[in-house]
Structures are given as C-alpha cells and as structure tokens.
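Please model the complete structure; the sequences and the hints are all you need to start from.
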Amino acid sequence: DAGVIQSPRHEVTEMGQEVTLRCKPISGHDYLFWYRQTMMRGLELLIYFNNNVPIDDSGMPEDRFSAKMPNASFSTLKIQPSEPRDSAVYFCASRPLGGEQYFGPGTRLTVT
Amino acid sequence: ELKVEQNPLFLSMQEGKNYTIYCNYSTTSDRLYWYRQDPGKSLESLFVLLSNGAVKQEGRLMASLDTKARLSTLHITAAVHDLSATYFCAVDSYTGTASKLTFGTGTRLQVTL
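Chains as they are written, first to last, in this note's numbering: chain B, 16 to 127; chain F, 65 to 177.
In short, the hints are calculated from the structure, not lab data.
By construction, the Cβ of each residue, glycine as well, lies at the ideal position given by its N, Cα and C atoms.
One thing to keep in mind: the hints can contain errors.
Selected chain B positions facing chain F (Cβ under 10 Å, derived; list incomplete) [to be verified]:
1) V19
2) D45
3) F48
4) Q52
5) G57
6) Y63
7) N65
8) G113
9) Q116
10) R123
EDC-like mimics (lysine to aspartate or glutamate), calculated; alpha carbons at most 16 Å apart, straight line [what the hints assert, rightly or not]:
11) K93/B with E33/B
12) K93/B with E29/B
13) K83/B with D71/B
14) K67/F with D78/B
15) K93/B with E115/B
16) K120/F with E115/B
Far from chain F, some chain B residues (derived; all Cβ distances over 12 Å) [to be verified]:
17) E26
18) M30
19) R37
20) P76
21) P85
22) Q95
23) E98
24) T127
Okay, here's the thing in structure tokens:
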C-alpha cells in the first residue's frame, strides 16, 4: 500500500480564499483523522470519521472549517474563507479499530 | 477527558549519554504508541505497546508500559545525533463506538556532539 496520501503538499493562498485539502486513507482502515500542527498549539485533532461517518468534530476551530468523507477512500477538509491564523501543517491519518495509526505526509498551508 | 503529559518538553543530550522520556496519562488504557517526528516531516510510528508490562526495543530506544501507574517511558541508550527529533506518546481511548489517540505535547530531543 502507498500509505496515506495527501494533496496538495504545499498550498499558498490569500486571505479570504477557499482552501480544500484532500486525503486518501490506507485501504481497509476504519478510521480517518484530520490534525493541525503549529508551533504554538502543537498537534490538534480537528475531526475524525469511523466508516465514513463523523464521530467527533469538537476540535474544528470554527464554522469556516468543514470536513467530509463521501466514501471509504477519500476525505476533504475545507476552509472557507481562509485566514492567516489558519497557516499550519495539516495531517491526515488512518487506522483500523484498535490498530496502529499511520500519518500522511501533511499539507503545509500558508495564508497570506 | 483523557490527558497525556510528557516530560521533559525539551531535552538536550550529549552523545553517548542515557536518558528517559516520561509519558503520564490520566485514565485507564492498555494501548500506547510512540511516534517520532523529524523537522518538516510527518509522524512515524516507533512502538506499539498493547499490554501492561510490555517492553519494545529498537536500536538505542526502548519503550515500556505500566498501565497500573498509567506511565510509559522511552529510554535512550548512548544517544547519537541521528536520534535528534521530536518524540510523541499517544494513548488509545476506546469508548465502544469510537477509538482515537490522544497525543502528548511531544519531547524535542537534541543530541549534541
């Protein structure tokens, strides 16, 4: 398996623009997680899905953030409108129930 | 709510020295994971500890789990520069309908010559 795949790897956008981050989990993994990592706040769990259903979105910072998982092999995290404080590295991760969690390479987002 | 604390947050070590990173957590769990993150990179799984008393070793790193004390340790033996990275522990919480990892704040390890 190719592991967790994220795209794009880098994104630079202007404040107010819509940003969409994409993730393909490892095949057969029941759980998909979205994290955000910054120097100031460390690694934060934003939302996670079980079998494509959102389980806990309490970490989503604001209504500007939304996430979907239309099928078992694809998820998106959307920020609309984006703000400079959203600049961070966003990681997607997947795992089977009770199993090891694997992280994608991350998307480095810069909002100017 | 599960809380996971790591200490120290930052560790500067000389090559050849030994040291231990501690991971304490607040509620019952028997599954704990250690990850490594190099600067600008993603998190890479190091160890999976699945029961009380579990011990895993890989090279100069050894991880152990004491579920009764709610404590895991990552011991570094004779540190080398290649071990410089940030190390995270993560504790599994299973609620019957969902399972997620709660991560510690990370320990940034810097090994100097």
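Here's how the hints hold up against the structure:
1. V19: holds (9 Å)
2. D45: holds (9 Å)
3. F48: Since the shortest Cβ distance to chain F is 7 Å, the answer is holds.
4. Q52: Holds - the Cβ of Q52/B comes within 10 Å of chain F, reaching about 9 Å at its closest.
5. G57: Cβ of G57/B sits 6 Å from chain F, so the hint holds.
6. Y63: This interface hint holds because 6 Å falls under the 10 Å limit.
7. N65: Holds: closest Cβ of chain F sits about 6 Å from N65/B, inside 10 Å.
8. G113: Holds, because the Cβ-Cβ distance from G113/B to chain F comes to roughly 6 Å (cut-off 10 Å).
9. Q116: This hint holds: Q116/B lies near chain F, its Cβ roughly 6 Å from the closest one there, short of 10 Å.
10. R123: holds (9 Å)
11. K93/B with E33/B: holds (7 Å)
12. K93/B with E29/B: Holds, at roughly 15 Å.
13. K83/B with D71/B: Holds, because 12 Å separates the two Cα atoms, which is no more than 16 Å.
14. K67/F with D78/B: violated (26 Å)
15. K93/B with E115/B: This hinted pair is violated, its Cα atoms lying about 26 Å apart.
16. K120/F with E115/B: holds (15 Å)
17. E26: holds (16 Å)
18. M30: Non-interface label on M30/B holds, nearest chain F Cβ at 24 Å vs cutoff 12 Å.
19. R37: About 16 Å separates R37/B from the closest Cβ of chain F, which puts it past 12 Å; holds.
20. P76: P76/B is indeed farther than 12 Å from all Cβ atoms of chain F, at 17 Å.
21. P85: P85/B is indeed farther than 12 Å from all Cβ atoms of chain F, at 20 Å.
22. Q95: Nearest chain F Cβ is 25 Å from Q95/B, so the label holds.
23. E98: holds (23 Å)
24. T127: holds (20 Å)
Going down the numbered hints, you'll see the structure goes against 14, 15, while the others check out.
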